[in-house]
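All chains, full assembly: derive it from the sequences and hints.
Just so we're aligned, residue 1341 is where the sequence shown starts under the working numbering, counting upward by one.
For lysine to aspartate or glutamate, the following EDC-like pairs were computed, each having C-alpha atoms within a straight-line distance of at most 16 Å:
#1 K1378 to D1396
#2 K1379 to E1402
#3 K1379 to D1396
#4 K1378 to E1402
#5 K1430 to D1392
#6 K1430 to D1349
Bear in mind the hints are in silico, worked out from the structure with no lab data behind them.
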Amino acid sequence: MAKGDRKGDEVVTREYTINLHKRIHGTGFKHRAPRAVKKVREFAVKAMGTSDVRLDTKVNKEIWKTGVRNVPYRIRVRLSRRRNDDQDAKEPLYTLVSLVPVSSFKSLQTVTIDE
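Laid out in structure tokens, this is it:
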């Protein structure tokens, strides 16, 4: 595979379930929700390969809805790798993280969405 043929150069959208519980285990109460937001960003960087990650406000509200201490165990998110329209942007692509409301996390898999 040549350097210009990387898979991370295309626009794609996927849905993931992020287990926040294991990512913030051992964190003190007053740091749990901020750490969970950082871990969602880290997950998006690792999954999509872009350092520019933008969180939708609904994701932030979902993490913080029960306060700083009681972060939800899991969260279902849609990661969209998109083209950067800014002329002076450092990277050609960015990742948008948006919330996918689900009633249950049972038997959910990672899904690639065709747009």
